[in-house]
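Peer 1: Just so you know, the sequences run in chain order P and H. Heads up: the first sequence at position 163 corresponds to 1606 in this note's numbering, and the numbers run straight through without jumps. Heads up: the second sequence at position 146 corresponds to 229 in this note's numbering, and the numbers run straight through without jumps.
Everything labelled a hint here was simulated from the structure, so no lab data went into it. The beta carbon of each residue, even a glycine, is placed where N, CA and C say it ideally should be. Treat the hints with caution; some may be incorrect.
Computed far set for chain P versus chain H, every beta-carbon distance over 10 angstroms [unchecked claim]:
1) 1445
2) 1446
3) 1471
4) 1593
5) 1636
6) 1644
7) 1649
8) 1677
9) 1689
Derived, one-sided and incomplete: chain P residues facing chain H with beta-carbon distance under 10 angstroms [claimed, not checked]:
10) 1452
11) 1459
12) 1488
13) 1490
14) 1493
15) 1514
16) 1515
Chain H regions said to be covered by chain P (calculated; three or more residues, Cβ under 8 angstroms) [said to hold, decoys possible]:
17) 105-119
18) 150-156
19) 196-208
20) 216-224
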Amino acid sequence: MTCLEVRELLPELAVDTIAPDDRTEVERHLRWCAGCRKEASDLGQAAAILAYSLPPATVPQELSERVVERVRRATGTTGTPRRARTVASAITAAMVAVASLGWGAVMAGRADRFADRAEQAQRERARAIEQFQKALSPLSLGTDISTNDDAHLGQLAPVAGGTGGAAVLQLVSPTMLDFVFVIVNGLGDDAELLPYRVSLSNAAGQELRAGRIDELDAHGGAEVFRQFKTQDLTGFSTVTVIDASGEVVLSGTVDQAP
Amino acid sequence: MEALLAGNEEAVRTLYARYARPIFTLGLRLLGSAEAAEELTQDVFVAAWRKAARFDPSRGRLSTWLMTIAHNLAVDRLRRETGATRPHLVLVDEVPEVIGADEDEPLIERDAAVRALESLSDAEKRLLARAYFGGFTAREIAEADGTPLGTVKTRLRTALIKVRRANQDKERP
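Sequences are here, hints too, so could you generate the full structure?
Peer 2: Structure (structure tokens):
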């Protein structure tokens, strides 16, 4: 689809009346087209304003308890066995920390002030880096990413209404071997979805394999690590997770800016 | 958010206190029953946790993001239940204009929303209501009104842009 064709469909995407086939095409286009993505974002925000215009209904008092319970169950905090490995715990913590970039400030009610939000995001980034460092230490890479400007973080979001997410760490260094470390969480574990493949691509469409996920833990989580002995990862900032049928389930980019 | 992802009760309650009401209200309007609206509200908070990595504050507000999830889930639910290619929603002729005078916790988002809608003509309000609350596609609206499809799409876009701009203007100090 061209930008012109996509933009003609964006109003219907915003109000959720777009045909399923068109939605798939448009969302694929939005993954790489920043201009159309901005327009889609603006129209989506306008549509949400309509929802807020409704006269508020009375919410049943007991609903809050049910919501808390549902989220608690979904997060697996009611007795779901946790993996015991230290590395795995650090990885999970890193996933949580990275996924929360920008959210912490919102939750703390400080989102109104950009400076506060930026400061909070910076703190959380440092924390995520620290957690990644702990997770990577058994691999003896000989580098401290917490002080390394060549370490870059990114997040992967679900595609086409899917679930889950991923945190990505890339080392793109002029002096050391580049590597990518991807931590996924919340992926579907149906047999037909496995194995998942993780790949990196650049603007020219060149693709590199980062790894393969053959099994998931109880939280739909797994991690992939690959060090590249000859390949420079500069520009390979788009990261995708693809299921066994070839469908992209997670996608996102790593900000490689220094 | 870290606390929310970990299932921290206090974090969930904080988010709930701020956003449950508009989400429940939208669910009630689109799904037509309190029971369905309650289920939708629960689904939205679980989805927010699962999709947390997708939220980017630089691209929009948390309130917008949550409401987009809510509308999308409600429409999906209607499609599943009816097996229809588009939701069978109750058509409202106009976007509501009245703010409840007895509302004890007025939401900034709603005040701003109502003011933003004042920038629209009645025809534009009706068009947006048919699409957003009624689930009518541009093609269906075009056929019903005897208007060219391209014209309906253009008007839909124009109306959304007007709302967005009016809302931005209201947010500016």
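Peer 1: State for each hint whether it applies.
Peer 2: Right, here's what the structure says about each hint:
Distance to chain H confirms residue 1445 of chain P as a non-interface residue, since its nearest Cβ pair spans about 16 angstroms, more than 10 angstroms. Even its closest Cβ contact with chain H, about 14 angstroms, leaves residue 1446 of chain P beyond 10 angstroms, as expected for a residue assigned away from the interface. Taking the minimum C-beta to C-beta distance to chain H, about 16 angstroms, the non-interface status of residue 1471 of chain P holds against the 10 angstroms cut. Here residue 1593 of chain P stays apart from chain H, with its beta-carbon at least about 23 angstroms from theirs, past the 10 angstroms limit.
Every C-beta of chain H lies more than 10 angstroms from that of residue 1636 of chain P, the closest at about 16 angstroms, which supports listing it as non-interface. Against the 10 angstroms criterion, residue 1644 of chain P stays outside the reach of chain H, whose nearest CB is about 19 angstroms from its own CB. With a closest Cβ-Cβ approach of about 25 angstroms to chain H, residue 1649 of chain P is found to remain outside the 10 angstroms limit, as its non-interface label requires. In this structure residue 1677 of chain P is separated from chain H by more than 10 angstroms, as the shortest Cβ-Cβ distance comes to about 24 angstroms.
Taking the minimum C-beta to C-beta distance to chain H, about 22 angstroms, the non-interface status of residue 1689 of chain P holds against the 10 angstroms cut. Given hint, residue 1452 of chain P at the interface with chain H, holds; its Cβ is 8 angstroms from that chain's nearest Cβ, closer than 10 angstroms. The restraint placing residue 1459 of chain P at the interface with chain H holds, with a minimum CB-CB distance near 4 angstroms, inside the 10 angstroms limit. This hint holds: residue 1488 of chain P has a C-beta 5 angstroms from the nearest C-beta of chain H, less than the 10 angstroms allowed.
Hint status for residue 1490 of chain P: holds, given a least beta-carbon distance of 6 angstroms to chain H, under 10 angstroms. Here the hint on residue 1493 of chain P is kept, as its CB sits about 5 angstroms from the closest CB of chain H, short of 10 angstroms. Against a cut-off of 10 angstroms between C-beta atoms, the interface hint on residue 1514 of chain P holds, since the closest Cβ of chain H lies about 5 angstroms away. Of the supplied interface hints, the one on residue 1515 of chain P holds, with its beta-carbon coming within about 5 angstroms of a beta-carbon of chain H, less than 10 angstroms.
Only when three residues or more bring their CB closer than 8 angstroms to a CB of chain P does the claim for the stretch 105-119 of chain H stand; here the count is 7, and the claim holds. With 5 residues having a beta carbon nearer than 8 angstroms to a beta carbon of chain P, the stretch 150-156 of chain H meets the requirement of three or more and the stated coverage holds. Check on the stretch 196-208 of chain H: 4 of its residues sit with their Cβ under 8 angstroms from a Cβ of chain P, so the three-residue criterion for coverage holds. Given as covered by chain P, the stretch 216-224 of chain H passes the check, having 5 residues with a CB less than 8 angstroms from a CB of that chain where 3 are the minimum.
In this structure, none of the earlier numbered hints is contradicted; all agree with it.
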